[in-house]
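Colleague: Chain by chain, the residues run as shown.
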Amino acid sequence: MNGDKLKIALYWGAACGGCDVAVLDTDEFVLELAAEADILFWPIAVDGKYEDIRALPDGALDATLFSGAVRNAENEDVAHLLREKSQVLIALGSCSAFGGIPGLANAVTREEILERVYLDNPSIELGNRTVPRTRVPVNGTELELPAFYPRVWRLSDVVDVDYLVPGCPPAPERVQEVLAALVSGTLPPRGAVVGAAEKALCEECRRRKADKRVARFVRPWEIVPDPESCLLEQGLPCAGPATRGGCGARCPDINQACRGCYGPPPGVQDQGATLVGAWASVIEAKTVEEAETAFAGLPDVLGIAHRFTLPASLLQRSCR
Amino acid sequence: MAFEPRIVGFLCNWCSYTGADLAGTSRIKYPPNVRVIRTMCSARIRPSFVLKALAEGADGVLICGCHPGDCHYSEGNYKTLRRQVLLKRLVAGYGIEPERVRLEWVSASEGQRFAEVVADMTERIRRLGPSRVEMLPSTRRAG
Chain D
1 MNGDKLKIAL YWGAACGGCD VAVLDTDEFV LELAAEADIL FWPIAVDGKY
51 EDIRALPDGA LDATLFSGAV RNAENEDVAH LLREKSQVLI ALGSCSAFGG
101 IPGLANAVTR EEILERVYLD NPSIELGNRT VPRTRVPVNG TELELPAFYP
151 RVWRLSDVVD VDYLVPGCPP APERVQEVLA ALVSGTLPPR GAVVGAAEKA
201 LCEECRRRKA DKRVARFVRP WEIVPDPESC LLEQGLPCAG PATRGGCGAR
251 CPDINQACRG CYGPPPGVQD QGATLVGAWA SVIEAKTVEE AETAFAGLPD
301 VLGIAHRFTL PASLLQRSCR
Chain C
321 MAFEPRIVGF LCNWCSYTGA DLAGTSRIKY PPNVRVIRTM CSARIRPSFV
371 LKALAEGADG VLICGCHPGD CHYSEGNYKT LRRQVLLKRL VAGYGIEPER
421 VRLEWVSASE GQRFAEVVAD MTERIRRLGP SRVEMLPSTR RAG
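Chain order of the listed sequences is D and C.
Going by this note's numbering, the first sequence opens with residue 1, and the numbers climb by one from there.
Going by this note's numbering, the second sequence opens with residue 321, and the numbers climb by one from there.
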């Protein structure tokens with residue numbers, strides 16, 4: 001009955017591979033998945049070439065799970081290819097859904113990145129000015145590298161995406177639910193965020209909230225947080241108030257403030273802007289000077305408030 | 321054509337909007353560069369309103385509320401003040417000059433002050449030049 005099996009693909013753009021590991025972390029379910037579906041393409045785990053996918057008729061894949069952001073021309077070309085070949089395209093993980101950690105590169109320019117990595121770096125041999133180029137002639141032939149884009153894009157910026165599965169990485173139980181729904185054909189209508197809750201993380205966080213004000217924000221290494229009470233009320237920049245729940249509040253459970261990887265909850269367009277409002281609401285300051293003192297322990301507001309969502313924010317990138 | 325700053329002004333209903341109204345009824349002249357939006361309180365102005373204005377082409381955003389201690393809702397303007405400190409840092413992170421986002425207290429009797437604030441801000445932004453925020457196309461080809 002091989003013809004009835006689902007045909008799926010998994011791909012990674014600008015990603016660390018953590019989302020692929022989250023799929024593998026579903027343990028023996030992966031074997032059930034393999035029994036229900038043919039995995040035609042999965043660079044991290046299964047042999048396969050772009051040519052194999054190009055040879056398929058359009059829509060031949062039932063679904064593709066695409067993790068990683070769109071950083072270069074290869075990421076984008078494969079996104080277009082997989083969109084054409086897939087009936088359902090799922091953005092798996094925060095990079096694909098919001099830009100994620102690679103999206104923080106939108107705080108700087110392409111030129112700054114290339115300068116820092118290839119030219120102005122202590123580990124580079126003196127006088128070596130080798131920078132990547134898209135085309136290089138070698139021995140009468142031409143080698144090609146994908147173009148490095150000026151900024152990072154979400155998957156949905158370049159192709160239509162049917163579902164978002166947030167998380168860095170998504171919790172394996174949530175990944176399993178999504179894959180099981182895919183196999184049984186019970187995914188909700190297209191356009192939904194799946195494998196996540198409809199409320200903010202604070203709703204599922206088990207910590208005690210006392211509606212307390214803080215004198216100042218602290219860096220994580222400055223305090224040993226009390227394991228019972230709200231981390232924000234202890235002065236840690238917890239992203240819980242502006243982050244979608246569904247992960248099971250695993251970070252707060254181990255005394256680590258939420259980093260915001262599930263992205264904004266429903267109704268919130270700009271996670272960082274909402275966090276700025278939430279963080280400002282817990283201090284007591286009555287003057288600008290007092291507020292500056294209270295926020296001294298909060299450097300890099302952009303990077304902390306938009307740790308996973310800079311390309312998805314209202315302004316999307318630095319305009320320097 | 322000379323650059324004319326486009327400034328979005330969010331004014332609280334109880335003090336600053338009334339102050340701006342007074343500037344008008346008193347026939348005080350000031351630059352026509354501010355587009356005013358009235359809100360019930362300066363604390364109603366979410367940081368996302370400011371970012372949206374910048375994302376859609378504003379060269380500056382002016383927020384005006386009651387003087388500290390005078391808020392119609394007793395604490396609203398303090399909340400605005402606390403947010404403003406972080407909001408300016410957030411905006412600076414995007415490479416936008418923080419002066420483009422300005423918070424001022426204007427009471428209902430300060431028509432003259434409102435006019436001066438607008439004139440001063442318009443002049444400062446004229447000197448900064450147009451916002452460098454790119455108007456974002458709804459692109460399908462990234463590049």
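Rather than coming from a laboratory, the hints here were simulated on the basis of the structure.
Don't take each hint at face value.
Under the rule of at most 20 Å between Cα atoms (straight-line distance), these lysine to aspartate or glutamate pairs were calculated in the EDC-like manner [unchecked claim]:
no. : chain 1 : residue 1 : chain 2 : residue 2
1   : C       : Lys399    : D       : Asp226
2   : C       : Lys349    : C       : Glu436
3   : C       : Lys399    : D       : Glu173
4   : C       : Lys399    : D       : Asp25
5   : C       : Lys399    : D       : Glu51
6   : D       : Lys209    : D       : Glu290
7   : D       : Lys286    : C       : Glu395
8   : D       : Lys286    : C       : Glu436
Quick look at which bits of chain D chain C covers, simulated, 3 or more residues with Cβ under 8 Å [stated by the list, open to error]:
no. : segment
9   : 21 to 30
10  : 168 to 179
Here's a subset of chain D near chain C, in silico, CB distances under 10 Å, partners left out [claimed, not checked]:
no. : residue
11  : Cys16
12  : Arg54
13  : Leu56
14  : Asp58
15  : Gly59
16  : Ala107
17  : Val183
18  : Ile223
19  : Val224
20  : Val288
21  : Ala294
22  : Gly303
23  : Ala305
24  : Cys319
Cβ coordinates follow ideal geometry from the N, Cα and C atoms, glycine included.
Colleague: Any hints from earlier that this structure breaks? Give me their numbers in increasing order, please.
Modeller: Of the numbered hints, 1, 3, 4, 5, 6, 8, 9, 10, 11, 12, 13, 14, 15, 17, 18, 19 do not hold.
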